[in-house]
Amino acid sequence: MNARDQLVAGSRSLSSGEWVAARDAFQVAWAEEESADALDGLARALWWLNDPAGALELRARAFARLRHEGRDAEAAAVAIWLAREYRNLYRRREMADGWRSRARSLLSSLEDAGSLHGWLHLAESEADSLHPRAADQADRAVTIAREHGDIDLEIVALMRRGACMVGGGAVADGVADLHEAMAAATSGEGDDVQYVGEALCTLLEVAGLLGDPSMVEPWAAFLVGYHASYAFGPLLPFETSSATELISAFCTGCCGGVYLVTGRLDAAEEQLSHAVTQLITTGLRPRCLHPVADLVELRVLQGRLQDAEAVLTGFEDDPECAASAAALDLATGHPQRAVARLTRAIESLTGVPLLALPLHAALVDAALASGNVALAETSGQFVAEVAGTTATVLHRAQRDHAAGKLALAAGDAAATALLRSATLAFAEAGAALPACRARLALARSLAPHDRGLAVTEARSVLLALDRMGATAEADQAAAFLRELGVRGRTGPRHVGLLSNREREVLALVADGLSNAEIGQRLFISTKTAGHHVSSILAKLGVRSRTEAVAFAMLNPPTAVNEGTR
Amino acid sequence: METAEKSVVRRFYEIVGSGRPEDLDEVCAPDLVGHAGAGSDLRELKGETASLLVAFPDLTLDLRHLVQEDDLISVWLTYAGTHQAEFAGVPASGRRVKFAAWDLMRVQDGRVVEITQYCDLFTILSQIGALPTAALA
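Note that the protein sequences, when read in sequence, are chains A and B. According to our numbering, the first sequence is numbered sequentially starting from 1. According to our numbering, the second sequence is numbered sequentially starting from 1.
Worth double-checking, as some hints may not be accurate.
[To be verified] Facing chain B, a subset of chain A residues (Cβ under 8 Å, in silico):
1) 169
2) 173
3) 279
4) 427
5) 444
6) 446
7) 448
8) 450
9) 497
10) 500
11) 501
12) 538
13) 542
14) 549
15) 554
16) 555
If you are wondering where the hints come from, they were derived from the structure by calculation, not from laboratory data. Computed from a prediction, not measured in an experiment: that's the story for all the values here. Yeah, the Cβ is synthetic: ideal placement off N, Cα and C, and Gly gets one too.
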């Protein structure tokens with residue numbers, strides 16, 4: 001085959017997702033005859049083979065060759081692609097700005113630029129934060145895409161417009177854009193599968209902001225089927241079969257954040273450590289979260305505060321790391337510093353209430369810890385206002401959590417109902433970790449008048465946090481249980497730990513006897529029977545009689561223990 | 001026309017279904033006596049209820065039959081929910097459960113004064129995957 005045939009073969013491999021074959025074909029083509037097309041094809045193959053740094057370098061060289069060959073429109077397209085990748089993958093603003101300017105000058109001298117002006121508007125929009133003004137740029141891109149029938153541009157620009165509108169609080173309109181774009185992306189209308197990936201990434205980002213994973217579900221299911229007939233290259237491991245795996249493979253960084261919220265700290269640890277290493281060694285970072293921010297949060301949860309400080313080094317002033325850094329400040333006893341840090345970050349997010357919401361939620365804690373109730377109330381109010389516009393379950397949970405903590409601090413009886421609502425809503429949103437925090441506050445609010453229920457709720461929190469490996473917060477729950485006069489933690493749990501008397505009592509509990517009836521049967525007082533039952537619950541690490549019975553069914557005493565009866 | 005006692009019992013289940021065990025004070029006598037799965041007293045009843053709600057936070061219930069004789073109400077109901085937190089030492093499985101339960105309540109002066117609760121524990125444990133199954137390989 002000659003160079004021209006190799007170029008054709010390479011292009012065919014690119015469009016059918018055979019990235020290795022594409023790379024090999026373009027390499028041979030380049031060896032035969034150096035050309036812009038060979039370089040550009042090779043660059044695109046490398047991008048899919050998970051070498052974005054190599055891809056960017058080669059595409060920059062392809063840009064120069066295209067210019068020498070007088071193919072300015074194609075060169076401008078490459079320049080815009082470079083600007084977007086530098087911005088979206090590496091956050092290297094200067095490089096992104098430079099390539100955008102280069103594209104702009106080229107476009108100004110072109111007679112027929114097709115939809116390229118639209119791509120430039122898209123890049124301009126992405127250079128900004130998720131601000132309503134960035135929605136205007138995306139809107140222009142959508143219009144141009146439709147005029148020229150450029151479906152790829154329409155998909156990404158619609159996603160961008162939707163995300164900016166949601167960020168500015170126009171949730172319903174924004175979400176409509178996202179779903180329209182996803183419909184186009186998943187129907188196969190577009191030419192380049194890269195933009196299907198970008199669309200899904202934006203969808204995950206917005207779903208994360210709104211705390212509404214159900215937004216992704218219908219599309220994720222579709223993508224599993226799509227994947228079966230089309231290889232996604234490095235973004236998806238070959239074996240991926242379920243929707244959840246698909247999403248996590250697509251955007252491991254995102255899912256590091258998702259695992260953190262859902263309480264799967266071991267999975268989060270693996271993903272986030274990898275993402276941070278990648279960020280530090282190559283500059284590459286996931287689009288939709290800051291891995292440093294999430295890893296700091298994880299380390300604080302684990303009580304590894306020095307490790308958290310080490311990870312944060314060099315990123316202290318990054319607004320995206322403010323909430324995690326503030327959590328670290330609180331854990332190390334510096335509430336004032338947390339307040340100052342959060343206040344600064346919030347100021348930089350004026351006009352983007354959705355991004356400011358988690359910071360205000362954190363500021364409620366920091367302000368209360370530093371004794372500034374008025375500030376905590378202002379932030380609680382902000383959370384409530386945003387929750388009112390988005391109406392998502394997660395935001396409702398955050399609103400009630402903030403209001404509940406304020407009520408608890410003020411000794412207001414309304415605290416219990418608010419914190420109960422928050423606990424239920426966090427659980428409904430699948431946010432296990434915040435649900436634990438709300439439940440511990442709920443237990444605190446119950447303690448003065450309903451000690452028994454406070455103990456049950458706090459035990460639940462302790463069990464859940466210990467299981468997650470959230471050591472530092474589990475310690476808080478255990479300390480609270482000790483305040484209530486209850487032993488918090490137990491070691492390994494099995495029926496063999498019970499004394500002979502406790503096993504007798506457990507058998508009677510299993511028969512459905514009440515404490516009074518157990519007392520009569522064993523010739524002990526009702527109160528003593530109650531003590532035995534409490535001790536059984538603590539030793540088995542369960543919350544209720546029903547669970548104790550079930551635990552005994554599932555974990556029968558071993559033969560040796562049986563013999564001691 | 002429903003009896004006053006049945007209305008109290010319905011309110012009892014509304015509170016359980018809304019996930020707020022602390023509100024059981026509204027419909028239960030402070031010196032309530034409990035048997036079997038209900039625990040021994042009001043404090044334990046709330047704890048038992050809270051415990052079920054932690055493991056199955058989206059718990060819903062369906063009252064199938066309410067049968068009254070004097071101040072005694074017998075209730076046949078089914079619960080449904082998703083296993084989202086540890087139950088009896090079994091970590092969250094994400095599985096849906098649906099199980100039957102039988103409660104007997106004595107209602108006096110608008111309050112539940114005595115309660116006995118049994119639920120189908122075997123079905124719960126089976127549905128959360130904690131029991132060995134005889135399913136075909």
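Evaluated hints:
{"no.": "1", "hint": "169", "result": "violated (29 Å)"}
{"no.": "2", "hint": "173", "result": "violated (30 Å)"}
{"no.": "3", "hint": "279", "result": "violated (31 Å)"}
{"no.": "4", "hint": "427", "result": "holds (4 Å)"}
{"no.": "5", "hint": "444", "result": "violated (13 Å)"}
{"no.": "6", "hint": "446", "result": "holds (6 Å)"}
{"no.": "7", "hint": "448", "result": "violated (12 Å)"}
{"no.": "8", "hint": "450", "result": "holds (6 Å)"}
{"no.": "9", "hint": "497", "result": "violated (13 Å)"}
{"no.": "10", "hint": "500", "result": "violated (21 Å)"}
{"no.": "11", "hint": "501", "result": "violated (18 Å)"}
{"no.": "12", "hint": "538", "result": "violated (13 Å)"}
{"no.": "13", "hint": "542", "result": "holds (6 Å)"}
{"no.": "14", "hint": "549", "result": "holds (7 Å)"}
{"no.": "15", "hint": "554", "result": "holds (6 Å)"}
{"no.": "16", "hint": "555", "result": "holds (7 Å)"}
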